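Visitor: Listed here are the chains, written in short residue letters.
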Amino acid sequence: MSSHNTVSFSEARRVAVFGGTHGNEMSGVTLVNLWVKNGAEIQRKGVETKPFITNPKAVEKCSRYVDTDLNRAFTPENLSAPGGDDLPYEVQRAQEINRLFGPKGSPEAYDVIFDLHNTTSNMGCTLILESSKDHFNLQMMNYIKKAIAPASCPVLLNEHPLLKYSTSRSVAKHPVGLEVGPQPQGVLRSNIFEAMRVILKHALDFIELFNEGMEFPPCTVDVFRVSERVDYPRDANGNIIAMVHPNLQDCDWEPLNPGDPMFQTFDGKTIHYEGAGTVYPTFINEAAYYEKQQAFVTTRRETLVASAIRKA
Amino acid sequence: MSCLLSRVAVCGGTHGNELSGVYLVRELQKTEKPLEEEDELVSVLVVLSNPRAVQQCRRYTETDLNRCFTHATLNGPESDKTPYEITRSRELNSLLGPKGSPEAVDLICDLHNTTANMGLCLIAYSDHDWICLHIFRYLQANIPVRYIHFDFPPKEAYSLESVGKHGFAIEIGPQPHGVVRSNIYTTMKAGVQHVMDWVRFFNSGTIFEGGSVEVYTMVKNIDYPRDSETHSITAAIHPQLQDQDFCLLHPNDPLFQTFSGETLRYKGKEPLYPFFINECAYYEKGIALSLARRKCVKMPPIQVKTELEHQENEWEFASEEDE
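Chains A and B supply the protein sequences, listed in that same order.
Residue 311 in the UniProt record's numbering sits at position 311 of the first sequence; the count goes up by one each step and never skips.
Residue 14 in the UniProt record's numbering sits at position 14 of the second sequence; the count goes up by one each step and never skips.
Please keep in mind that the hints were generated in silico from the structure rather than gathered at the bench.
Given the structure is predicted, the values throughout are model-derived calculations rather than measurements.
Careful, some of the hints might be misleading.
A partial selection of chain B residues facing chain A, derived with a Cβ cut-off under 7 Å [said to hold, decoys possible]:
hint	residue
1	27
2	176
3	179
4	225
5	239
6	240
7	257
8	259
For lysine to aspartate or glutamate, the following DMTMM-like pairs were computed, each having C-alpha atoms within a straight-line distance of at most 20 Å [claimed, not checked]:
hint	chain 1	residue 1	chain 2	residue 2
9	A	50	A	108
10	A	311	A	215
11	A	269	B	27
12	A	104	A	77
13	A	61	B	227
14	A	45	A	111
15	A	61	B	229
16	A	61	B	284
17	A	292	A	231
18	B	189	A	11
19	B	295	B	127
20	A	164	A	228
21	A	37	B	262
22	A	37	B	229
23	A	57	B	62
24	B	30	A	267
25	A	61	B	262
26	A	50	A	11
27	A	292	A	67
28	A	37	B	27
29	B	285	A	60
30	B	220	B	253
31	A	61	B	64
32	A	45	A	208
33	A	57	B	284
34	B	30	A	235
Even glycine gets a Cβ: it sits at the ideal position worked out from N, Cα and C.
Sequences and hints are given; from them, build the entire structure.
Guide: Put into structure tokens, the structure is as follows:
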């Protein structure tokens, strides 16, 4: 185990729960609307927990976005772009959210933001981490994993220099993505809804314990580090010519070995995975990623070490 | 007795985000006359019903195309305010109809997906169209499939397949909208192939024996409980009902689970079969699930009647009347 010193963080006083970053991902929309009406469930001693619908127009239309994907919109260029009302709706929203919960990168930013998402992929309850050096988040994720054991809670680390994207939650000091599936867009499944609720409950419990002064000893967290985006095979016109193979469909987090079936053409031929080594695919057949040229993303397993943490 | 089925239409993308049909139609359109063989008695039209919605990967752009095929809508006035889908329904009616006329295609097979766990279903307006029921029975011998009957009088039939002399929707789930799952696509492709095989057998004079089949006749829909002010839903399909399409629902069985964890139960007196449980597109139509009665339908044997036999019959009738 590490002999690092304990890392101290200030108390997490300001916490936000975002829903509707994608307007058709219904668990988060429903939970946040519930908590806006009555937020008792998400309150913890000493913490101001703010539920917030990030993309109300998309929620109203029950579509992922109106002009552009809000969860890709928090780039430095967008956040400082002039133009006001002429800007795409989601860029305006990003600037507003940055004002309310940021500014991103500043001491005034919210301590923690939980961003609630659903996926059509069979990812179960996935936690998304943006930095391998965020010991606070690592300890939180370790706490959540232990709390729900033997049920599992994979951690997806998206720290890839090219594939990382500028999320709504990135405005906070400690951004946490909750991705729960499988659930079709526009549909509310009660089991998925409850699962998300339980994960968030444990996350908030962790924050309360931390704020009360509990010290969390060093720990290790198994993560899946994003490696590569794999697109569907396409023809010269850009049309998809094969589907995720039945052997790969729904097998998020399971090993994909070189030679394993990966895609099946519409006339039944198999296309095999020809990578160098075993990878762990996820976001397999996510509806929203057809337009982003992604059939699935490969990950590699890694064990991260989290230092002990306590409040300053 | 029916005449030759000489013109058959296979339609996909009636809802632009129901992708099995979209991709199947695309594949079929790549090969010229892919479902026809040489010296065929049947010609097959392969149609992408709502190209604009397909392009945007949405169910529809202005209004649901699959509600635009009533006689009233098809024959209504045209203006530059006419929604795209109504203009399109009229185009499809010219191509495949006109509905109710002798020029209409013999059979329309309209391809759909649902987020509900319904497996493979044929959906039709009739429980005594023997063409549809024999096709169903033939399919059943090859793949698990159910027949859903919407008991609407022909005047009220609103969907695309009502344009043909005979027609049904092929509905397969569960599949999220905007996604193509290989197992679902493969099932749909096999289903369409079996339909075409039956049509060929029928056209070549095969006698299909009488028998009986089980049919689910739609009785009613149940909406989600909603907030009286905002109209938002206040409960989700109960976990014990979710994915249980075609499992008999008894009085007092759980229907919904409110967001505060309370169970709401089925208050009907009659046990019925639920389907379209938690179909995404039906939230806006006020349908959480549909309920059906199941019954047995007896079908007569069926064989194609040739033109010659048709004429002979007519002479026979004429001479009988003289006597």
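Visitor: Each hint should be assessed against the structure and marked as holding or not.
Guide: So, going through the hints one by one against the coordinates:
Annotation: interface hint on residue 27(B) holds; nearest CB of chain A at approximately 5 Å, less than 7 Å. At about 3 Å, the closest approach between the beta carbon of residue 176(B) and any beta carbon in chain A falls short of 7 Å, and the interface hint on this residue holds. For residue 179(B), the interface hint holds, since its Cβ comes within 7 Å of a Cβ in chain A; the closest pair sits about 5 Å apart. Given the 7 Å rule on beta carbons, the hint for residue 225(B) is violated: about 13 Å separates it from the nearest Cβ of chain A.
Interface hint at residue 239(B): satisfied, since its Cβ lies 5 Å from the closest Cβ of chain A, which is below the 7 Å cut-off. Because the smallest distance between the Cβ of residue 240(B) and any Cβ of chain A comes to about 9 Å, over 7 Å, the interface hint for this residue is violated. Hint status for residue 257(B): holds, given a least beta-carbon distance of 5 Å to chain A, under 7 Å. A hinted interface residue such as residue 259(B) counts as satisfied when its beta carbon comes closer than 7 Å to some beta carbon of chain A; here the least separation is about 5 Å, so the hint holds.
At most 20 Å may separate the alpha-carbon atoms for a hinted pair to count; residue 50(A) and residue 108(A) meet this at roughly 16 Å. Distance check on the hinted pair: residue 311(A) and residue 215(A) sit about 8 Å apart at the alpha-carbon level, within 20 Å; holds. For the hint pairing residue 269(A) with residue 27(B), the CA-to-CA distance comes to about 14 Å; that is within 20 Å, so the pair holds. Proposed proximity of residue 104(A) and residue 77(A) is supported: the alpha carbons are some 12 Å apart, at most 20 Å.
For a cut-off of 20 Å, the pair hint linking residue 61(A) to residue 227(B) stands: about 18 Å separates their Cα positions. In summary, the hint linking residue 45(A) to residue 111(A) is supported, as the alpha carbons are separated by about 15 Å, within the 20 Å threshold. Straight-line distance between C-alpha atoms of residue 61(A) and residue 229(B) comes to about 18 Å, which keeps the hinted pair within the 20 Å bound. A distance of roughly 11 Å separates the Cα atoms of residue 61(A) and residue 284(B); the hinted pair therefore holds under the 20 Å criterion.
A C-alpha spacing of about 9 Å is found between residue 292(A) and residue 231(A), which places the hinted pair at or below 20 Å, so the restraint holds. With a C-alpha separation of about 58 Å, the suggested pairing of residue 189(B) with residue 11(A) is violated against the 20 Å cut-off. Only pairs whose Cα atoms come within 20 Å are accepted, and residue 295(B) paired with residue 127(B) is accepted, the gap being roughly 10 Å. Distance restraint check for residue 164(A) and residue 228(A): the Cα-Cα separation of roughly 11 Å lies within the 20 Å cut-off, and the hinted pair is therefore satisfied.
Of the supplied pair hints, the one linking residue 37(A) and residue 262(B) holds, its CA atoms being roughly 18 Å apart against a limit of 20 Å. Pair hint residue 37(A) plus residue 229(B) holds up; C-alpha atoms about 13 Å apart against a cutoff of 20 Å. A C-alpha spacing of about 18 Å is found between residue 57(A) and residue 62(B), which places the hinted pair at or below 20 Å, so the restraint holds. About 12 Å separates the Cα atoms of residue 30(B) and residue 267(A), which keeps this hinted pair within 20 Å; it holds.
With a C-alpha separation of about 28 Å, the suggested pairing of residue 61(A) with residue 262(B) is violated against the 20 Å cut-off. A distance of roughly 16 Å separates the Cα atoms of residue 50(A) and residue 11(A); the hinted pair therefore holds under the 20 Å criterion. With a C-alpha separation of about 15 Å, the suggested pairing of residue 292(A) with residue 67(A) holds against the 20 Å cut-off. For the proposed pair residue 37(A) and residue 27(B), the alpha carbon gap of about 49 Å is over 20 Å, so the pair is violated.
A hinted pair counts as satisfied when its Cα atoms are at most 20 Å apart, and residue 285(B) with residue 60(A) qualifies at roughly 15 Å. At most 20 Å may separate the alpha-carbon atoms for a hinted pair to count; residue 220(B) and residue 253(B) meet this at roughly 17 Å. Between the alpha carbons of residue 61(A) and residue 64(B) the distance comes to roughly 15 Å, so the proposed pair stays at or under 20 Å and holds. Between residue 45(A) and residue 208(A) the CA atoms are separated by roughly 7 Å; this keeps the pair inside 20 Å, and the hint holds.
Restraint check: the Cα-Cα separation between residue 57(A) and residue 284(B) comes to about 17 Å, which is no more than 20 Å; the hinted pair holds. Between residue 30(B) and residue 235(A) the alpha-carbon distance is near 12 Å, which keeps this suggested pair within the 20 Å criterion.
When held up to the earlier numbered hints, the structure conflicts with 4, 6, 18, 25, 28 and fits the remainder.
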